[in-house]
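Visitor: Position chain L relative to chain S; hints supplied.
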Amino acid sequence: MAGHNWRWWFHAIHRDVGYLCVGLVLIYSVSGIAVNHVADWNPNYAIAKVNGNIGAVAHGAEVDDALARAVLGRLDLSPEYLTLFQPGPHQLRIVRENHTIDVQLDTGAVRHEIVTPRPILHPANYLHLNHAKQIWTWVADAFAVALIVLAITGMFLLRGKQGITGRGLWLTAAGFAVPLFFLWLYL
Amino acid sequence: MNFATTLLTMGALLCLPAAGLAQTQDPTPQPKPVAQKETPPAPAQQGERVQQGEKAKDKAGEKAKDDCANCPDAKAVPAGATAKAVDLAKGMKLKDFTPISDILAAPEKFEGKRVLVKGPAVAVCEKRGCWINLKSDKDASKALRVKVEDGEIVFPMTVMGKEVQAEGVVEKLVIPVETLREALKKSAEAKGETFDPASVKEPRVVWQLKGLGAKFPK
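In order, the protein sequences belong to chains S and L.
At position 143 of the first sequence (counting the first as 1) the number is 143 in my numbering, and the numbers step up by one without a gap.
At position 137 of the second sequence (counting the first as 1) the number is 137 in my numbering, and the numbers step up by one without a gap.
Okay, chain L solo, but in the shape it has when bound:
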């Protein structure tokens, strides 16, 4: 009995770091047979959850982040003044919201500034919950990405469509051509579309919010 327990616990000890070493890769979706109708799942519980960034504990998560196919910007290079360190322990402090439309209209004005935004989630990182796209308050075709450190804040997929509040620093990222090609290739494969790598000739500039804290419904 005790020997078995010891084996179990030793096994569990080995499992803990191993979990952190997991690498993320977007699998190619397997489309199911054509269907027009299905029953949606039961509604989620109502309530509100607050998550605030804390000091990273999972060092191996850095490696996993680099391999996150859902997060093409993970390999992006922070541009200029935004490459400063962010204290994740500070979480949410601001009270006044900045409209997402204002940021998207003139992101340069907000570069390096800490802002609080809110909007419905229109896309979420499937594997790690490490990013979320919040819809603009004015234009239904625009959204602001909020990227957080892996494991610091985790956006559940069930938050899709619900209003999310996020606080962070506006930053400019430059996605290298190779990274962009890889991301677009995987995206096209997932959708069953063709992709020509030669069509990507220049790095892409992306504006996003480096998330420090978030508040969203359960």
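Same shape as in the complex, but just chain S:
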């Protein structure tokens, strides 16, 4: 180990830290793309919305268990539910496990909303957006530091025309120019 120059160390650090970071780079990158487009879709949940009609349901001023059971019976669903809510005078919301049923009691219109967490993206977003808090915050900080180390050591891996004094310089400059251009454009 002794006697190696700084470039040898940069190679070793870049190689090993790079291997360590592959998993998190993929998680953060995939999640980053997903949440960038949150305006167009829900990156965490697949939400199936299904409409139907069960016919008008006789009801009183308040919703109760009997009413919910009657509705669930018409929908041919088991009578279990988590809670009931009355969003409006002739409306009933039955909340089941990841399944919300909104019923317009006077017309019988039914709207199901079935929520399913996306298998890969939901946990990836959970980590990327640091919903976990606690110790994960420090892990994410360490990952960010590791990325800085990778970026800096990566610039000095090669010498000569392909290195930071040649082609590498132009590519690095281009990499800085991209965010600077958009900052200039938008701010």
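Calculated directly from the structure, the hints in this document are not laboratory data.
A couple of the hints might just be wrong.
Below, in silico cross-link-like pairs of lysine-lysine (DSSO-like), each with a Cα-Cα straight-line distance of 30 Å or less [what the hints assert, rightly or not]:
no.	chain 1	residue 1	chain 2	residue 2
1	S	161	L	93
2	L	191	S	49
3	L	162	S	49
4	L	191	S	133
5	L	118	S	49
6	L	186	S	49
7	L	95	S	133
8	L	93	S	133
9	S	133	L	113
10	S	133	L	215
11	S	133	L	218
12	S	49	L	218
13	S	49	L	142
Guide: Below, chain L without anything else, positioned relative to chain S:
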């Protein structure tokens, strides 16, 4: 190999801030063919998760919040004494619960006060998990909204129907007419209903809990 790794990492570095700049907008739902029956998804794991507010890291989230169609109150103006700063790092401290029905019956009495409430979730912000409605303990048609800073506390959609504990400060919001019209228009579009903007003539006063901490099942 190393060059490729460098490219990957540089790309990831660019992705991190970009994620925070994402804007939220409620898409118009695409109703599926009429159906009467479907198989509900598998039950979620049992357990309990605690989230406590921490200092905001995502500054860009403020912009995204302003565009959150699910959160019409995001543009609302805090009224009077409630416009004070809230320390999100304090999380949950109280032990005694205040019934939601008490707050809804006389919100003025609780304005600016810190309370701990609990109730089943009957609505959740779909996109960011930045608000949740907790049902009143007495009236099934009433609910109290708990609004949290984007990213500080995230309410998952899977918490619907389950009991949530939330602590925060009761605040009065005044939703401007234009904001209210936009929110109601989007809501009507999502439901396939018609909406007349002229029907909204006055700002709406909304009472909500400015959430500082929450506890809910996984």
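Visitor: So, for every hint listed, does it hold in this structure?
Guide: Going down the list of hints, with the structure as the test:
no.: 1; hint: S:161 with L:93; result: violated (61 Å)
no.: 2; hint: L:191 with S:49; result: holds (11 Å)
no.: 3; hint: L:162 with S:49; result: holds (21 Å)
no.: 4; hint: L:191 with S:133; result: violated (36 Å)
no.: 5; hint: L:118 with S:49; result: holds (28 Å)
no.: 6; hint: L:186 with S:49; result: holds (16 Å)
no.: 7; hint: L:95 with S:133; result: holds (23 Å)
no.: 8; hint: L:93 with S:133; result: holds (18 Å)
no.: 9; hint: S:133 with L:113; result: holds (26 Å)
no.: 10; hint: S:133 with L:215; result: holds (14 Å)
no.: 11; hint: S:133 with L:218; result: holds (15 Å)
no.: 12; hint: S:49 with L:218; result: holds (23 Å)
no.: 13; hint: S:49 with L:142; result: holds (24 Å)
The structure shown violates the earlier hints numbered 1, 4.
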